[in-house]
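Asker: Those protein sequence lines, which keep their order, are chains X and B. Counting from 1, position 58 in the first sequence corresponds to residue 58 in this note's numbering; the numbering is continuous, with no gaps. Count along the second sequence starting at 1, add 323, and that's the number in this note's numbering.
A couple of the hints might just be wrong.
Stated by the list, open to error - Have a look at the derived ranges for each label pair, beta carbon to beta carbon:
id : chain 1 : residue 1 : chain 2 : residue 2 : range
1  : B       : Q452      : X       : P275      : 45 to 51 angstroms
2  : B       : T427      : X       : R65       : 56 to 62 angstroms
3  : X       : A164      : B       : Q731      : 47 to 53 angstroms
4  : X       : N62       : B       : G391      : 34 to 40 angstroms
To be clear, the hints were calculated from the coordinates, so they are not data collected in a lab. Since the structure is predicted, the reported quantities are computational estimates derived from the model, not experimental observations. Quick reminder that beta carbons are idealized off the backbone N, C-alpha and C, glycines included.
Residue-level listing of the chains:
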Amino acid sequence: MRSNQLTESGQLRHFLTIEGLKRPLLTEIMDRAEQFSSISHRQVKKVPLLRGKTIMNLFFENSTRTRSTFELAAKRLSADVMNFNISTSATSKGESLLDTLHNLEAMHTDMFVVRHDQSGAAEFIAQHVAPHVSVINAGDGCHAHPTQAMLDMFTIRRHKQEFANLRVAIIGDILHSRVARSQIQALSILGVGEIRVIGPQTLLPRDCQTLGVHVHHDMASGLRDVDVIITLRLQFERMQGALLPSAREYFRCYGLTEEKLKYAKPDAIVMHPGPINRGVEIASSVADGKQSVILEQVGHGIAIRMAVMSMALGSQSELAESE
Amino acid sequence: MKICIRNGRVIDPASQLDIDQNVYIANGIIVAIADDLDDFTADLDIDAHNKIVCPGLVDLSARLREPGQEHTATIDSETRAAAAGGITTLAVPPDTDPVIDNPTVVELIEDRAKKAGRTMVLTIGALTQKLNGELLAEMAALKAVGCVGISNGIAEIKNTVIWRRALEYAATLDLTVFINPADPWLQKQGCVHEGNVSARLGLAGIPESAETIAVSRHLILIEQTGVRAHFHNISTGKAVKMIREAQDRGLPVTADVSAHHLHLCEHDLGNYDSFSHVMPPLRSVRDREQLKQGVRDGTIQAVASHHQPLDADAKLGPFAQTQPGISALETLLPLTLKLVEDEEITLQQALASLTCQPAAILGIDAGQLTTGGNADICIIDADVQYDCRPDNFISAGKNSPLAGWLFQHQVSHTLFHGKLVYQR
Chain X
1 MRSNQLTESG QLRHFLTIEG LKRPLLTEIM DRAEQFSSIS HRQVKKVPLL
51 RGKTIMNLFF ENSTRTRSTF ELAAKRLSAD VMNFNISTSA TSKGESLLDT
101 LHNLEAMHTD MFVVRHDQSG AAEFIAQHVA PHVSVINAGD GCHAHPTQAM
151 LDMFTIRRHK QEFANLRVAI IGDILHSRVA RSQIQALSIL GVGEIRVIGP
201 QTLLPRDCQT LGVHVHHDMA SGLRDVDVII TLRLQFERMQ GALLPSAREY
251 FRCYGLTEEK LKYAKPDAIV MHPGPINRGV EIASSVADGK QSVILEQVGH
301 GIAIRMAVMS MALGSQSELA ESE
Chain B
324 MKICIRNGRV IDPASQLDID QNVYIANGII VAIADDLDDF TADLDIDAHN
374 KIVCPGLVDL SARLREPGQE HTATIDSETR AAAAGGITTL AVPPDTDPVI
424 DNPTVVELIE DRAKKAGRTM VLTIGALTQK LNGELLAEMA ALKAVGCVGI
474 SNGIAEIKNT VIWRRALEYA ATLDLTVFIN PADPWLQKQG CVHEGNVSAR
524 LGLAGIPESA ETIAVSRHLI LIEQTGVRAH FHNISTGKAV KMIREAQDRG
574 LPVTADVSAH HLHLCEHDLG NYDSFSHVMP PLRSVRDREQ LKQGVRDGTI
624 QAVASHHQPL DADAKLGPFA QTQPGISALE TLLPLTLKLV EDEEITLQQA
674 LASLTCQPAA ILGIDAGQLT TGGNADICII DADVQYDCRP DNFISAGKNS
724 PLAGWLFQHQ VSHTLFHGKL VYQR
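All chains should be built: construct the whole structure from the sequences, respecting the hints.
Answerer: Here's what the structure looks like:
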């Protein structure tokens, strides 16, 4: 029962993970996002592409930004959107995930945007939805966050044009980061020259190098001559379970300061998937500095999500026509 | 009732017998293994031409879910499955509900098993009361009603003092202690093997040290207390090595492995396949090869089912939220004999690890074909080709990751105490 996120002709049906996708598809997503990004600057910020479609945001885990950018993306495509924060309603009453899903499906939904705290949840849902429903993964546990990775790639492309010669460093809690996993896969597929991860052993997955990255434990060697720096949000619960001694010590070793930023190339860009913990993973002067592209990322998130939603629902009409 | 099993290839690993002969059975007892027997008129003739006739299988660990979870499976349903798997003796771990920590529960299980009458069901008693890891269970009382050993199952005992006392007390009573080695803290963190698959799928990993730390702690206590101990369900190559060294030192330790850990590894998780969710987790290819080596060189004496039937809902959900466990009674024999097809071990070794060797660990008189002994016999079709179809399992649990596997060995008949309890 393996779900396939692509249709037979290679179009997106679901968007669950970057793993296994081909470079032309990732490029297509970014090209389409490029077209959509101009809409945001128009007087009337709407196109009728998904008029009459129903999209449900199923958030089993709290999120403000990701949910609102998905919502905005759907609205700009003229779809009808509903938001469900499920952690507080049905499943806590003992209703199973599948029951919740099938109930919402019965309302003639065309697409579920799903965030869940369990790795593999989006995959599981995609395996069980009706054939005409698309599933977009808005983050599943520690596994994948493919739209975040794509908006990061989009941001990199805008600044650096080509991927081939880039050195990219990802700093922080790789072990628990769905963002990092998806970024690493996207960077590999797009043919980036070198991907590094920087962090203490407690925050790196075992056999991390099998993901295709170079492992560094200190910022001086890890940041040397890189073109792109991605800092990850440090979850405060990581102090539990003895993964780290304190936020202060983390900042001392892995916090991105102006001083450490000098190891990188002078034109390196600084990224962060947000929300930022100032003074923990990044110093305010860097987050707000001229090399930072953090706020741009947020804007790109809408365009990328519009691209992915329109592509997935576009492939559905392809399905319907072939029937 | 007189039965004659004709023209089979009779293999008895305990006596190294491998001969084409007839097996004559009367009143539940094997009366002869011979070419011919005067004055024997069989009520039932079983043609075993081109088939293997061997002792009924002895399974060191199978959960039948009764008492406590009869909605999932029952002694009746699972002994039916055991018979279909060629198993004529099995041991149940103490983690039923109520726990096997008093004679009443032992009697209840034995009664139900006797009523079913398809396989010998033995009980392993609890090491601590209610398996709470704090107070010792009444082991002498449990031994008196027939418990073949003592165990804390998969429930943890965190306190090393309790472990030490429990082992000392069991040693006093000459009871074998069955241990599922897992460091409670390292084990509880995760749901899959910590390695490149957990890194890729973003699932929390269980490092091999969860097992090796527990094995090493237990080996030290075993040496100190002199207790006879058995390790259940070993999953790592390093643990095999540690147990081998302990055996070489002369410690009274034995070990078993599940048939599925000899064939599957972390990569079988594929795209979060919840049927591959099992504890201990499926480990690396390297571990799997070292487990096979352990069976080959005799460090691991037994292959067990570690049968855990689950209902369909238990496997429906995001991976980490599904229940671990594999329904394995009906695949124990074909999976273990697949190692023979793959030329990993000999047929004698494979059958020994399923019959006389586990029987010796339990200290019971079973797993052999002897004149005058119980006619617990399994007849195997050795050259068939069939797909494993968990949906057709007789067990109430259809939870197996082996759907679509091609098997060559199939149980055709099972006799328990001279009674035909299964015929395909």
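Asker: Decide, hint by hint, whether the structure agrees.
Answerer: Against the structure, the hints:
no.	hint	verdict
1	B:Q452 to X:P275: 45 to 51 angstroms	49 angstroms, holds
2	B:T427 to X:R65: 56 to 62 angstroms	59 angstroms, holds
3	X:A164 to B:Q731: 47 to 53 angstroms	51 angstroms, holds
4	X:N62 to B:G391: 34 to 40 angstroms	37 angstroms, holds
Every hint from the earlier list agrees with this structure, and none is contradicted.
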